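A.B. asks: Keeping the supplied structure of chain A fixed, place chains B, C and D with the ligands upon it in accordance with the hints.
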Amino acid sequence: MSTQIQEQETETETETEQTSEHQTRRLAEKRERADMRERAEADLSDADEIVRLKIFRYDPEVEGKKDPRFDTFEVPFGKGMTVLDALIYARDHFDSSLTFRHSCRQAICGSDALFVNGRQQLGCKTQLSDLEWPVRIEPLPHAEVVKDLVVDMEHFYDQMEAVEPYFQTNELPKGELEEQRQTRENREKVKMSTRCIWCSACMSSCNIAAGDNKYLGPAAINKAYRFAMDEREGEDMKEHRLNIIEQEHGVWRCQTQFSCTVVCPKDIPLTEHIQELKREAVKSNLKFW
Amino acid sequence: MRIHEHDVIVVGAGGAGLRAAIAAHEEGADVAMVTKLHPVRSHTGAAEGGINAALRDGDDWELHAYDTMKGSDYLGDAPVIETLAQDAPEEVIQLEHWGMPFSREDDGRVSQRPFGGLSFPRTTYAGAETGHHLLHTMYEQVVKRGIKVYDEFYVSRLAVTDHDDPEDRECHGCVAYDIKSGDVVGFRATGGVILATGGDGQVFDHTTNAVANTGDGPAMAYRVGVPAEDMEFVQFHPTTLPSTGVLISEGVRGEGGILYNSKGERFMFEYGYANNAGELASRDVVSRAELTEVNNGRGINDEYVYLDMRHLGDERIYDRLENIIHLAEDFEGVNPVEEPMPVKPGQHYHMGGIETDENGETCISGLYAAGECACASVHGSNRLGGNALPELIVFGARAGHHAAGRDLGEAKVQTGPSAETEAEENLDTPVEPGAIDAANEDVAADGALVEPEEVVEYAVEAERHRIEDLLAHDGTNHAEIREDLQKAMTENVNVFREKEGLKKALEVIRECRERYQDVGVSDPSRTYNTDLIHTIETRNLIDIAETITLGALAREEFRGAHWRREHQERRDDEWLKHTMIAWNDGSPRLYYKPVILEGENKTYEPKIRSY
Amino acid sequence: MAEHYSSFEPKGTRWLLQRLTAAFLVVVLAYHFMLLHFINHAADITFAGTQVRMSQLGYFLTMVLFLIAGTFHGVNGVYNALVNQGLDGTQKTVVKWLLIVAGTLLIVQGIRVAVAMTGLF
Amino acid sequence: MSQSYDRGLIEDFGRWQEFSAGMWAWIFHKFTGWVLIGYLFTHIAVLSTATVDGATYTQTLQGLESLLLVRFLEVGLLAVAAFHILNGIRLLFVDLGVGLEAQDKAFYAALITTAAITVASIPTFLMGAF
Ligand SMILES: Cc1cc2nc3c(=O)[nH]c(=O)nc-3n(C[C@H](O)[C@H](O)[C@H](O)COP(=O)(O)OP(=O)(O)OC[C@H]3O[C@@H](n4cnc5c(N)ncnc54)[C@H](O)[C@@H]3O)c2cc1C
Ligand code: HEM
Ligand code: SF4
Ligand code: F3S
Ligand code: FES
Numbered sequence: 079m080s081t082q083i084q085e086q087e088t089e090t091e092t093e094t095e096q097t098s099e100h101q102t103r104r105l106a107e108k109r110e111r112a113d114m115r116e117r118a119e120a121d122l123s124d125a126d127e128i129v130r131l132k133i134f135r136y137d138p139e140v141e142g143k144k145d146p147r148f149d150t151f152e153v154p155f156g157k158g159m160t161v162l163d164a165l166i167y168a169r170d171h172f173d174s175s176l177t178f179r180h181s182c183r184q185a186i187c188g189s190d191a192l193f194v195n196g197r198q199q200l201g202c203k204t205q206l207s208d209l210e211w212p213v214r215i216e217p218l219p220h221a222e223v224v225k226d227l228v229v230d231m232e233h234f235y236d237q238m239e240a241v242e243p244y245f246q247t248n249e250l251p252k253g254e255l256e257e258q259r260q261t262r263e264n265r266e267k268v269k270m271s272t273r274c275i276w277c278s279a280c281m282s283s284c285n286i287a288a289g290d291n292k293y294l295g296p297a298a299i300n301k302a303y304r305f306a307m308d309e310r311e312g313e314d315m316k317e318h319r320l321n322i323i324e325q326e327h328g329v330w331r332c333q334t335q336f337s338c339t340v341v342c343p344k345d346i347p348l349t350e351h352i353q354e355l356k357r358e359a360v361k362s363n364l365k366f367w
Numbered sequence: 062m063r064i065h066e067h068d069v070i071v072v073g074a075g076g077a078g079l080r081a082a083i084a085a086h087e088e089g090a091d092v093a094m095v096t097k098l099h100p101v102r103s104h105t106g107a108a109e110g111g112i113n114a115a116l117r118d119g120d121d122w123e124l125h126a127y128d129t130m131k132g133s134d135y136l137g138d139a140p141v142i143e144t145l146a147q148d149a150p151e152e153v154i155q156l157e158h159w160g161m162p163f164s165r166e167d168d169g170r171v172s173q174r175p176f177g178g179l180s181f182p183r184t185t186y187a188g189a190e191t192g193h194h195l196l197h198t199m200y201e202q203v204v205k206r207g208i209k210v211y212d213e214f215y216v217s218r219l220a221v222t223d224h225d226d227p228e229d230r231e232c233h234g235c236v237a238y239d240i241k242s243g244d245v246v247g248f249r250a251t252g253g254v255i256l257a258t259g260g261d262g263q264v265f266d267h268t269t270n271a272v273a274n275t276g277d278g279p280a281m282a283y284r285v286g287v288p289a290e291d292m293e294f295v296q297f298h299p300t301t302l303p304s305t306g307v308l309i310s311e312g313v314r315g316e317g318g319i320l321y322n323s324k325g326e327r328f329m330f331e332y333g334y335a336n337n338a339g340e341l342a343s344r345d346v347v348s349r350a351e352l353t354e355v356n357n358g359r360g361i362n363d364e365y366v367y368l369d370m371r372h373l374g375d376e377r378i379y380d381r382l383e384n385i386i387h388l389a390e391d392f393e394g395v396n397p398v399e400e401p402m403p404v405k406p407g408q409h410y411h412m413g414g415i416e417t418d419e420n421g422e423t424c425i426s427g428l429y430a431a432g433e434c435a436c437a438s439v440h441g442s443n444r445l446g447g448n449a450l451p452e453l454i455v456f457g458a459r460a461g462h463h464a465a466g467r468d469l470g471e472a473k474v475q476t477g478p479s480a481e482t483e484a485e486e487n488l489d490t491p492v493e494p495g496a497i498d499a500a501n502e503d504v505a506a507d508g509a510l511v512e513p514e515e516v517v518e519y520a521v522e523a524e525r526h527r528i529e530d531l532l533a534h535d536g537t538n539h540a541e542i543r544e545d546l547q548k549a550m551t552e553n554v555n556v557f558r559e560k561e562g563l564k565k566a567l568e569v570i571r572e573c574r575e576r577y578q579d580v581g582v583s584d585p586s587r588t589y590n591t592d593l594i595h596t597i598e599t600r601n602l603i604d605i606a607e608t609i610t611l612g613a614l615a616r617e618e619f620r621g622a623h624w625r626r627e628h629q630e631r632r633d634d635e636w637l638k639h640t641m642i643a644w645n646d647g648s649p650r651l652y653y654k655p656v657i658l659e660g661e662n663k664t665y666e667p668k669i670r671s672y
Numbered sequence: 023m024a025e026h027y028s029s030f031e032p033k034g035t036r037w038l039l040q041r042l043t044a045a046f047l048v049v050v051l052a053y054h055f056m057l058l059h060f061i062n063h064a065a066d067i068t069f070a071g072t073q074v075r076m077s078q079l080g081y082f083l084t085m086v087l088f089l090i091a092g093t094f095h096g097v098n099g100v101y102n103a104l105v106n107q108g109l110d111g112t113q114k115t116v117v118k119w120l121l122i123v124a125g126t127l128l129i130v131q132g133i134r135v136a137v138a139m140t141g142l143f
Numbered sequence: 006m007s008q009s010y011d012r013g014l015i016e017d018f019g020r021w022q023e024f025s026a027g028m029w030a031w032i033f034h035k036f037t038g039w040v041l042i043g044y045l046f047t048h049i050a051v052l053s054t055a056t057v058d059g060a061t062y063t064q065t066l067q068g069l070e071s072l073l074l075v076r077f078l079e080v081g082l083l084a085v086a087a088f089h090i091l092n093g094i095r096l097l098f099v100d101l102g103v104g105l106e107a108q109d110k111a112f113y114a115a116l117i118t119t120a121a122i123t124v125a126s127i128p129t130f131l132m133g134a135f
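Protein chains in written order, with the working numbering: chain A, 79 to 367; chain B, 62 to 672; chain C, 23 to 143; chain D, 6 to 135.
Because the hints were derived from the structure by calculation, they are not lab data.
All clues given are correct.
A few chain A residues that face chain C, going by a derived Cβ cut-off under 7 Å, partial list only: (1) 289; (2) 290; (3) 331; (4) 359.
Stretch-level coverage of chain C by chain A, calculated; a stretch enters the list once three of its residues show a Cβ under 8 Å from a Cβ in chain A: (5) 35 to 45; (6) 106 to 115.
Everything numeric in this text was worked out from a predicted model, so none of it was measured.
Beta carbons are placed, not taken as given, at the ideal position from N, Cα and C, and that holds for glycine.
For reference, chain A alone in the conformation it holds in the complex:
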């Protein structure tokens, strides 16, 4: 129910404007950056240690950033500093166009999964002191780069949503304010799987997902696991859940590479969950035969 009317005129107008203004803007940018550097330098001189960051830069529409490159930033290091802290410092003091997603700073929003020194990790949960310096920071591999460290997450969301990621049951209790019963053991069983924060680190690390774009991927399968194993949904629904993950690009694609399990910032035993679903699927198929 949406009306989308493209306004041709303004669009072309702004475009020409942009190119003509580009020079001046870039010069001004440079001046500004020099200013910021100066201020930052004052900070640098009393810092004991400097950490060097090599950050991937790319912007499809800015001259000079169309070809991807690595920029080096030198950031004063302090105890307890995380990769995200360093990125924020670099952005606020050296180059305000440095772009990355972040929000909670406490490993719960899942927006800052990055490729740091060749491994998928959350910027906010990675101590600089645990890394080899200089620190190389890139956007997540196997995802389209939108700009700098920001990647397109649509594909990941699509996969997550393809497994019917919502609770379904036909047997809700009748009484008013009556909850469904769930044993502690059963809650314990699904507990780890419910901790996923949709950061997509696992998906990015999986070679199979890289090769087969339709592969559901570890996070989505884990999501399916979360419901399939929840006793509150009932047996019928479990059957249905297994059908979903048994699809061509479902669990059978997993080659137990374990890299998803290795990188998951929430320590979810993804491979184990996938394997368990494979066995469950075989078991239920054996019932059919």
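C.D. replies: Just chains B, C and D with the ligands now, kept in the frame of chain A:
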């Protein structure tokens, strides 16, 4: 011009926004969510503790309401508090039916545990990640219902008619900046716009809130004429990690954790801040004690104190406080089994916000607010732990239902400037608050804009200009302004408040406003321009900071989370009233409206708050 | 866009068979290697020796089964590997049938060889 | 506005160096699997000489065995088969959900055992080749 049309538009997709969208959908409305973060990235996910609801025998909603009223230090409105207590059980069971993985009892029912300030263990929880599960469970329901989500769309302006009196104005939609493509997009809402933009902790430089919690909703509503209510009431948490603001739960002190200053003194006792309760004194007492230590030169690095739990022994730590070890290691690089953890107070929750009634509606028809950005008011001057999450689902649902046309009955809470009973006449501000050029840039000033389509189109056009200007202008970097603002707020408007400091803060805020006139965005890109977004947010922070400080300066008493050096007592005779600030088209005006203490079955008598 | 699951086909069958054949192959392959490289050195193999072994029904059947299991396991493994790399559509169908034909030919030829080795026909 | 850039080499550079155990195991298993199926086809082809007559069969086999290259290839085949079997066992355990925490150690063990078997078998394989 791209204009999307829906019955109900929900701005923000945290707990409150998601619940509102589901409610509107239940009502049969065509609802869409517009959010600057993908829903699962919202800060509701960070809540750990739990959700209060009177579910069991021996407990009932009246007890919950009573506890909440007492916790609010009698500044909450009874009809709203009672609505919260009455609706919470049903809403929590609803969550359970949607599959939320609550912690369980042996008999398979949802577990409840005791929480500070509650007379009954009524806090339901899901491990130490209640908010995460609440957020994800509701997003799942949104996916199930196929509700349209415009994710990574930054709402920067409300489309409101241009009547002189805010109470005559109507909201017809909003304008958003599509972060990925750089388009300015209009949203037309035939039923209503629900703001659910969450907290505004970024006003301070140290907070448990997310970087995205910049108070956009309250700032936008405030500027189109909705009064801001009780803004001076900001809750601080005494134990947060200095570098990130990550919260170290009260559990550490509960288990016997000890606070030390740089001289190794157990200052809670040594300097008599709380000779009986010591580390277990209430949040505000501990926060102030910590800051006093630092101010008196007994802090470490002039910044924080130590929270030590080593003496508890490895076994007990691993058994009960394991997650604390991970938090300290991951976010502070400290292993709390081997060394003490640095902690300092941090902003945690804002009780004040957009003035609404118990149906979530503001004085502008068609404009609603729910969640932390709203002030109905449930929490009064102090929020009890575990009461924010039920607020999200209860008032989120009510706002959603009401916007979609369900009849919820006449609201008991009066809203808008007409509810004023008393004006603030002699507030002594060192500088003029409000817009620099008093002219109202937020509503077309000629009073001609009333047609819904026009209102939205005008707003889109205005916003497009503002963004073009910001992009074209090379001026001050917003980050400098933001940093100075946050520092000033933390220095002067945090747990310690005194007249001179508050005035100082107002001066800095004014300066920030002036510097903001010259702000520019140096990233020329249309694609994912976070520089631009942060620049717009900074404007909102300035407005919010000002309301907090004005409220704090006006309220000459010590109530709940608001402490004044000059006024160390709660003064019910004079201050049993809500502080209201109206933007007043650019020149803010303070006034008061009464607190409603008459509940359904009883009237709440203010008592001394002691536990 | 993510593909929603469509028609129900237990993909688990091939997965299970891959594991079962693998388990079988471990034993037989080890036996095969031992017998033909360590007990009887490969260099000393003669038709006569082969014939003696092949003429025992048990050994004959084991070897035929070995062949079938090995072929299925190998061909199915290759197919999976290609699908994992995103092989799709007509290409996938073509490859599938190519592999089935190749596998069948291998088994047929293998059995012919085995039969020849018995020297009975 | 999908002008996304294919990171190509930039992405691949530095990726394989940081592969984890499970990924290497996957690559080696794949590689060895392909070698083995390739060998199976060749093997049957060679053995097909049996359908001509016994003498040709014996001649072909012994002719091949007298080539030093073939002897070396056989050592290689053993190595490949040994790894595929050992890692195959590891994978079977993984499928059964047994010992998942030790999967990386199991991979290293498979590598070492393969090396040991290969080295130990060299004398047998090369016997009489010189
Ligand atoms: C660390 C921590 C622990 C807590 N623990 C508890 C607890 O145990 N119990 C309890 O009851 N409460 C707790 N709280 C409080 C409670 O979690 C919050 O008050 C509540 O989650 C706020 O929810 P919300 O839906 O209002 O906002 P949020 O969840 O913050 O969501 C805000 C939404 O608005 C969107 N948004 C914001 N601005 C814009 C804009 N301009 N345009 C478009 N979209 C926008 C964002 O994208 C986001 O989706 C805790 C808070 C914190 C910080
Ligand atoms: C004649 C001998 C064998 C041949 C020709 C062979 C061939 C193959 C091939 C081609 C693959 C696919 C690899 C890929 O690209 O992913 C494979 C996979 C596999 N092989 Fe073998 N193999 C043989 C023996 C064995 C043995 C003895 C085992 C012992 C356990 C084994 C276990 C496995 C397993 C478990 C897989 C599946 C890997 C996966 O899909 O997860 N194989 N094999
Ligand atoms: S499973 Fe782990 S790595 Fe994957 S998206 Fe969820 S939290 Fe991230
Ligand atoms: S990395 Fe990929 S192959 Fe399976 S175990 Fe994890 S999904
Ligand atoms: S910033 Fe939220 S997960 Fe890192």
